[in-house]
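Protein sequence lines, in the order shown, are assigned to chains A and B.
Mapping to my numbering: the first sequence position 567 is 567, numbers consecutive.
Mapping to my numbering: the second sequence position 98 is 98, numbers consecutive.
Hints were generated in silico from the structure; no laboratory data involved.
Predicted model only: the values in this text are computed from it and were never measured.
The C-beta atom is built at its ideal place from N, Cα and C for all residues, glycine as well.
It is possible that part of the hints are untrue.
Claimed, not checked - Dumping the calculated SDA-like pairs for lysine to any residue here, alpha-carbon to alpha-carbon at most 20 Å:
no.	chain 1	residue 1	chain 2	residue 2
1	B	Lys156	A	Asn559
2	B	Lys101	A	Gly565
3	A	Lys433	A	Ser332
4	A	Lys506	B	Gln60
5	A	Lys202	B	Glu61
6	A	Lys276	A	His302
7	A	Lys551	B	Arg69
8	A	Lys585	B	Leu57
9	A	Lys551	B	Glu99
10	A	Lys558	B	Lys156
11	B	Lys49	B	Gly102
12	A	Lys343	A	Val423
13	A	Lys558	B	Lys49
14	B	Lys49	A	Asn573
15	A	Lys551	B	Lys156
16	B	Lys101	A	Lys276
17	A	Lys558	B	Thr159
18	A	Lys551	B	Tyr100
19	A	Lys558	B	Glu61
20	A	Lys95	A	Thr192
21	A	Lys558	B	Glu103
22	A	Lys551	B	Arg71
23	A	Lys686	A	Gly656
24	A	Lys558	B	Lys101
25	A	Lys551	B	Glu103
26	A	Lys551	B	Gly102
27	B	Lys49	A	Lys433
28	A	Lys355	A	Glu376
29	A	Lys551	B	Leu57
30	A	Lys202	B	Gly102
31	A	Lys202	B	Arg71
32	A	Lys558	B	Gln60
33	A	Lys314	A	Ser270
As the list claims (entries may be wrong) - With the Cβ distance kept under 10 Å, some of the chain A side facing chain B (calculated, not the full set):
no.	residue
34	Val211
35	Val445
36	Leu452
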Amino acid sequence: MDDLIADFLTETNESLGQLDNELVKLEQNPEDKNILSSIFRVMHTIKGTCGFLGLSRLASVAHASENVLGKIREGAFAANPSVISLILESIDCIKELISQLEEKGAEPQGEDRDLIERLNHCAATGEAKGQSYVAATDSNSAHKKEEHKEVVITQNPDALSREAKEAAAAQGLKVAEEGATEGSRTASGGNTIRVGLDVLEKLMQMVSELVLTRNQLLQLARSVGETEFNTPLQRLSHITTDLQEGVMKTRMQPIGNAWAKFPRLIRDLSHELGKKIDLRMIGADTELDRQLLEMIKDPLTHMVRNSADHGIEKIDDRKTAGKSEVGVITLSAYHEGGHIIIKIADDGKGLNVEKIKEKVLANGLATESEIAVMSEQQIYQFIFKPGFSTAAQVTSVSGRGVGMDVVLTNLQKIGGVVELSSVFGNGTTFHIKIPLTLAIMPVLVVEAQDQLFAIPQIRIVEIVNAYTTQGTNNEESLLEHRIEIINDAPVLRLRERLLPLVSLPKILGLRNDFRLKNDERPIYIVVCQLGSYSFGIMTDKVYDTEEIVVKPVSPLLKNVQVFSGCTILGDGNVILIVDPNGLAKHADMQIITTEGDIDSQQHKFIAGSNITSFLIFKAEGKTPKAVPLELVSRLEEIDASRIEWSGGRPVLQYRGDLMRIVQLENRAKLPDSGVLQVIVFMDEGKILGLIVDEIVDIVDHEMNVKMLSGSEGLLGSAVINDRTTDLVDVSYYFSQTFEDWLQHKNSQIRASNNQKHILLVDDSAFFRKFMEPILSVANYRVTTVDSAIKATELLNDGIDCDAIVTDIDMPEMNGIQFAELCRKDSRFHSLPIIALTSYDPEKFKIDAKDAGFNSFVSKSDRNTLVDTLSRVLAE
Amino acid sequence: MSKASLNIVSFPINHIQPNKDTVKEFVTVTIENQMFGIPVAIVQDVLRKQRITPVPLASQEIAGVMNLRGRIVTAIDVRKRLGLDDTNSRTKSMYVVVEYKGEQYSLIVDSVGEVMALPAKNFENNPNNLSPQWQEVSLGVYRLDNKLMVVLDVAKLLTLAT
Numbered sequence: 001m002d003d004l005i006a007d008f009l010t011e012t013n014e015s016l017g018q019l020d021n022e023l024v025k026l027e028q029n030p031e032d033k034n035i036l037s038s039i040f041r042v043m044h045t046i047k048g049t050c051g052f053l054g055l056s057r058l059a060s061v062a063h064a065s066e067n068v069l070g071k072i073r074e075g076a077f078a079a080n081p082s083v084i085s086l087i088l089e090s091i092d093c094i095k096e097l098i099s100q101l102e103e104k105g106a107e108p109q110g111e112d113r114d115l116i117e118r119l120n121h122c123a124a125t126g127e128a129k130g131q132s133y134v135a136a137t138d139s140n141s142a143h144k145k146e147e148h149k150e151v152v153i154t155q156n157p158d159a160l161s162r163e164a165k166e167a168a169a170a171q172g173l174k175v176a177e178e179g180a181t182e183g184s185r186t187a188s189g190g191n192t193i194r195v196g197l198d199v200l201e202k203l204m205q206m207v208s209e210l211v212l213t214r215n216q217l218l219q220l221a222r223s224v225g226e227t228e229f230n231t232p233l234q235r236l237s238h239i240t241t242d243l244q245e246g247v248m249k250t251r252m253q254p255i256g257n258a259w260a261k262f263p264r265l266i267r268d269l270s271h272e273l274g275k276k277i278d279l280r281m282i283g284a285d286t287e288l289d290r291q292l293l294e295m296i297k298d299p300l301t302h303m304v305r306n307s308a309d310h311g312i313e314k315i316d317d318r319k320t321a322g323k324s325e326v327g328v329i330t331l332s333a334y335h336e337g338g339h340i341i342i343k344i345a346d347d348g349k350g351l352n353v354e355k356i357k358e359k360v361l362a363n364g365l366a367t368e369s370e371i372a373v374m375s376e377q378q379i380y381q382f383i384f385k386p387g388f389s390t391a392a393q394v395t396s397v398s399g400r401g402v403g404m405d406v407v408l409t410n411l412q413k414i415g416g417v418v419e420l421s422s423v424f425g426n427g428t429t430f431h432i433k434i435p436l437t438l439a440i441m442p443v444l445v446v447e448a449q450d451q452l453f454a455i456p457q458i459r460i461v462e463i464v465n466a467y468t469t470q471g472t473n474n475e476e477s478l479l480e481h482r483i484e485i486i487n488d489a490p491v492l493r494l495r496e497r498l499l500p501l502v503s504l505p506k507i508l509g510l511r512n513d514f515r516l517k518n519d520e521r522p523i524y525i526v527v528c529q530l531g532s533y534s535f536g537i538m539t540d541k542v543y544d545t546e547e548i549v550v551k552p553v554s555p556l557l558k559n560v561q562v563f564s565g566c567t568i569l570g571d572g573n574v575i576l577i578v579d580p581n582g583l584a585k586h587a588d589m590q591i592i593t594t595e596g597d598i599d600s601q602q603h604k605f606i607a608g609s610n611i612t613s614f615l616i617f618k619a620e621g622k623t624p625k626a627v628p629l630e631l632v633s634r635l636e637e638i639d640a641s642r643i644e645w646s647g648g649r650p651v652l653q654y655r656g657d658l659m660r661i662v663q664l665e666n667r668a669k670l671p672d673s674g675v676l677q678v679i680v681f682m683d684e685g686k687i688l689g690l691i692v693d694e695i696v697d698i699v700d701h702e703m704n705v706k707m708l709s710g711s712e713g714l715l716g717s718a719v720i721n722d723r724t725t726d727l728v729d730v731s732y733y734f735s736q737t738f739e740d741w742l743q744h745k746n747s748q749i750r751a752s753n754n755q756k757h758i759l760l761v762d763d764s765a766f767f768r769k770f771m772e773p774i775l776s777v778a779n780y781r782v783t784t785v786d787s788a789i790k791a792t793e794l795l796n797d798g799i800d801c802d803a804i805v806t807d808i809d810m811p812e813m814n815g816i817q818f819a820e821l822c823r824k825d826s827r828f829h830s831l832p833i834i835a836l837t838s839y840d841p842e843k844f845k846i847d848a849k850d851a852g853f854n855s856f857v858s859k860s861d862r863n864t865l866v867d868t869l870s871r872v873l874a875e
Numbered sequence: 001m002s003k004a005s006l007n008i009v010s011f012p013i014n015h016i017q018p019n020k021d022t023v024k025e026f027v028t029v030t031i032e033n034q035m036f037g038i039p040v041a042i043v044q045d046v047l048r049k050q051r052i053t054p055v056p057l058a059s060q061e062i063a064g065v066m067n068l069r070g071r072i073v074t075a076i077d078v079r080k081r082l083g084l085d086d087t088n089s090r091t092k093s094m095y096v097v098v099e100y101k102g103e104q105y106s107l108i109v110d111s112v113g114e115v116m117a118l119p120a121k122n123f124e125n126n127p128n129n130l131s132p133q134w135q136e137v138s139l140g141v142y143r144l145d146n147k148l149m150v151v152l153d154v155a156k157l158l159t160l161a162t
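Build the full structure now, drawing on both the sequences and the hints.
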């Protein structure tokens, strides 16, 4: 391309970006002569240069537009919104022509007669025709790229296919150039030269290497001691540091560059949406890395659009709510500890938690009981899920359900973190935290089995040290710093919460245990935050934080998701950067991240099927205890003095019967005065009263038993409401108290020859353990398996069973698939199959019958199960 | 990135007079007494033993990553890639740095020999009885006076099963 034209293009692109904003300003201050003159000058220059370069089509549009501006300047008519819109339209037309010129090196064929006529008409009469945003003539909706492109295509049919193909790329290029040139201008006025970005990138690369070499030299010099090299080396070191800072600066640009298009965007939006919106920008001169600036442009644009569309209410609604009719969107940016914080705040209607909940339920993103235990913050996070939009009506602007998830993904790609706060009725604020630059990242250096690793600082919340050894006494304070283990899964009590832990050396396969035996040294736990969930990384040692230059890993290592890159330390050694997100995924932690990860959603869905009501109580020690509510008959308060002793055991007269009183294992002796809390269990005429300290709550919670405890009397532990809770095994106390209870059952079982054999399939360890005694007690022989796959294997191996009881929601093969499989097999097609489900049975009926279940029973209704079994087996 | 950075200090280039046939130049390396040839055009550097940072969880053929003048280079254990026994302690190993698809890799071998220019008439395809693992990474064999040289297919060598 001609050098002259190339210069013209860069210059004009620059001016046009400026024009957009100045026109918006003019609209707000129609009397401001300075703004008007400056706009006029720019348009005049464009016209002049185009004429000089023989770009007649551009020149004529610019000329017509300049005429209108001239009239305004003369005071012939005022710069009302419709006139401004018309001028903006002409600018869009010029932009489009320029982008084609850029692509092809020549002005496209055609004319813009309609636009020019309207401009001329306006210049003559002061009336701007057909440019109202409501009655969108096609070229008018310029911000809608697709429509605008159509205009061009009709003007230039032979460029059609090429245009379509290259439009995206060309647009990107243009935007990038604009950003760069605008930046240098604001930074130092007219005193600039244009430098290619590749030159800067290369410089940066070389400086990074220079820094590393310098560090190596310094290290060498230190080990050698005092030599004549030291002084020049010091000088070299200083110069290198200055050079590094200098080159870094060339990459830095004010964030205002990314905001430059927003005033125009908001203006157009407010016209289209019939709202009044004031955009305030604070801290536009806050600088960040050029590369990052490019990457946040689109997410920010989307978020600003969202604020204008969803956040700010219509004028009438605002009046009704007692707010000023002008909505305010505030963009602000500032530096904070090596990061840049960007806030997008609106004073609109705020997020409606209830609406989000409805939507979440409707889209099946979570179940009702899951939502019930979620914090508002967690519920807000759903707006970042794919396919989620709270806008009741989809407008052309936003609300199409693609967006916030893409925004989040893009921001996360550059190591950004998004938080949001909202007050219903008062507005929403998004806080975005991103690193200042991608090239340099603060990390924490840690050690695992003598190897060093780096963890990005942005993910780290805190560092805690802890011990594995048991506290000698029952010192409560030590509990805070002791790693506890639940079936190989290490956890730490941190401020009344259980923090799941991952051992870095263990997960990386560097050694088998997270701690060598009898090692008394503390373990350093790096607490990382992923969305609204956190976990701890156990390391052997924690070193300093360091600013590092991130180097990508080779494609050969891309499949190792635990590492996001590597870097070279001052001593020349390479260390790997751990990606906490990848680490959590690798550790297979069921963290519900804010990312729209299908796997985790599925997991949640499956886990969600295990909702059970629990009675939470306290007895013996700090750990809360729980029993499934359905086992509980009554809760009673009794006076301790009413307890009598029979055969050395405490009993209580209760409703004309005798209730045996028990306490949890290892508990001190029964108090003999005061009011006692008793949980009453009844089974087959046997009454059992469990003395507890305090009844805490009844909660609906996922039944995810973390471990099957080794200790007698406990089924295992589960995390309920973020606390580790022991599940009490009621049947254990029954059998302990009423020795004849099980024996009686057993003898009965032995006595009966026609004992039926049940195959129980459930992936939940708890339910297997829970159902088995119930079925045994009801005189069935039970074989349990934890998956449908295993059940199929057993059946194929010729297991002799009379009926199958199966859970529906199981990984790999669910109950319905399992039943279908059985029905297809001639050996099993008449075998009774009963489905266990925690869904409402009514909802499920059709599906279950189709799949060939004989019946299905709610998980919480064990009596029905026993009845159903006997009925089905009798049929 | 250019061939000018070829840095083979103590390895005299063996100038074989160009034959009428096309002549190709190879850096010769040895692993377990077997000579291999790597096309000279892709070789950037030959280094003595370097410090390597192992990458946990990566395929076993990847010895780790190393720092070559500020660039990160992935080191491939060619011995393991060829399925050779790893019992011999590798006190003497050499690194041949190659560039492939814009990335640098360092191939760990036992020793590096001279650069040879070899005429095409001495080239033969892989013998059929070569093990599949070797067939995969070998482009063919050159007959030398007293030994055979296997030509390494670097692209295949750097394609690891994941």
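Structure-based check of each hint:
Under the criterion of a C-alpha separation no larger than 20 Å, the hint pairing lysine 156/B with asparagine 559/A is consistent with the structure, at around 18 Å. Between lysine 101/B and glycine 565/A the alpha-carbon distance is near 18 Å, which keeps this suggested pair within the 20 Å criterion. For the proposed pair lysine 433/A and serine 332/A, the alpha carbon gap of about 12 Å is at most 20 Å, so the pair holds. Taken as a hint, the lysine 506/A and glutamine 60/B pair is honoured in the structure, with Cα atoms around 17 Å apart against an allowance of 20 Å.
At roughly 32 Å between alpha-carbon atoms, lysine 202/A and glutamate 61/B are farther apart than 20 Å, so this suggested pair is violated. Taking the CA atoms of lysine 276/A and histidine 302/A, the gap is about 19 Å. The hint holds against a cut of 20 Å. Taken as a hint, the lysine 551/A and arginine 69/B pair is honoured in the structure, with Cα atoms around 13 Å apart against an allowance of 20 Å. Under the criterion of a C-alpha separation no larger than 20 Å, the hint pairing lysine 585/A with leucine 57/B is consistent with the structure, at around 14 Å.
Between lysine 551/A and glutamate 99/B, the direct Cα distance comes to roughly 17 Å. Compliance with the 20 Å bound is thereby established for this hinted pair. The hinted pair formed by lysine 558/A and lysine 156/B meets the criterion: a straight-line CA distance of about 17 Å does not exceed 20 Å. Between the alpha carbons of lysine 49/B and glycine 102/B the distance comes to roughly 23 Å, so the proposed pair goes past 20 Å and is violated. Between lysine 343/A and valine 423/A, the direct Cα distance comes to roughly 15 Å. Compliance with the 20 Å bound is thereby established for this hinted pair.
With a CA separation close to 25 Å, the supplied pair lysine 558/A and lysine 49/B exceeds the 20 Å bound. With a CA separation close to 14 Å, the supplied pair lysine 49/B and asparagine 573/A stays within the 20 Å bound. Distance restraint check for lysine 551/A and lysine 156/B: the Cα-Cα separation of roughly 25 Å exceeds the 20 Å cut-off, and the hinted pair is therefore not satisfied. Note on lysine 101/B and lysine 276/A: the hinted pairing is violated, with a Cα-Cα distance of about 54 Å set against a maximum of 20 Å.
Only pairs whose Cα atoms come within 20 Å are accepted, and lysine 558/A paired with threonine 159/B is accepted, the gap being roughly 13 Å. Our distance criterion of 20 Å between C-alpha atoms is met by lysine 551/A and tyrosine 100/B, whose separation comes to about 17 Å. For the suggested pair lysine 558/A and glutamate 61/B, the alpha carbons sit about 15 Å apart, so the restraint of at most 20 Å is met. The suggested pairing of lysine 95/A with threonine 192/A is violated, with an alpha-carbon distance near 24 Å, which exceeds 20 Å.
At most 20 Å may separate the alpha-carbon atoms for a hinted pair to count; lysine 558/A and glutamate 103/B meet this at roughly 13 Å. Simply put, lysine 551/A and arginine 71/B have alpha-carbon atoms about 8 Å apart, close enough for the 20 Å limit, and the pair holds. For the hint linking lysine 686/A to glycine 656/A, the alpha-carbon distance of about 13 Å falls within 20 Å, and the restraint holds. Pair hint lysine 558/A plus lysine 101/B holds up; C-alpha atoms about 15 Å apart against a cutoff of 20 Å.
The suggested pairing of lysine 551/A with glutamate 103/B holds, with an alpha-carbon distance near 12 Å, which does not exceed 20 Å. At roughly 14 Å between alpha-carbon atoms, lysine 551/A and glycine 102/B fall within 20 Å of each other, so this suggested pair holds. Between the alpha carbons of lysine 49/B and lysine 433/A the distance comes to roughly 43 Å, so the proposed pair goes past 20 Å and is violated. Restraint check for lysine 355/A and glutamate 376/A: satisfied, since their Cα atoms lie roughly 12 Å apart, inside the 20 Å limit.
Using a Cα cut-off of 20 Å, the hinted pair lysine 551/A and leucine 57/B holds, with the two alpha carbons roughly 19 Å apart. For the hint pairing lysine 202/A with glycine 102/B, the CA-to-CA distance comes to about 15 Å; that is within 20 Å, so the pair holds. Restraint check: the Cα-Cα separation between lysine 202/A and arginine 71/B comes to about 13 Å, which is no more than 20 Å; the hinted pair holds. About 14 Å separates the Cα atoms of lysine 558/A and glutamine 60/B, which keeps this hinted pair within 20 Å; it holds.
Of the pairs offered as hints, the one joining lysine 314/A and serine 270/A holds, with about 10 Å between alpha carbons and a cut-off of 20 Å not exceeded. With a least beta-carbon distance of about 9 Å to chain B, the hint placing valine 211/A at the interface is held under the 10 Å criterion. A cut of 10 Å between beta carbons decides the hint on valine 445/A: the least distance to chain B is about 13 Å, and the hint is violated. The beta carbon of leucine 452/A comes within 8 Å of a beta carbon in chain B, closer than 10 Å, and the hint placing it at the interface holds.
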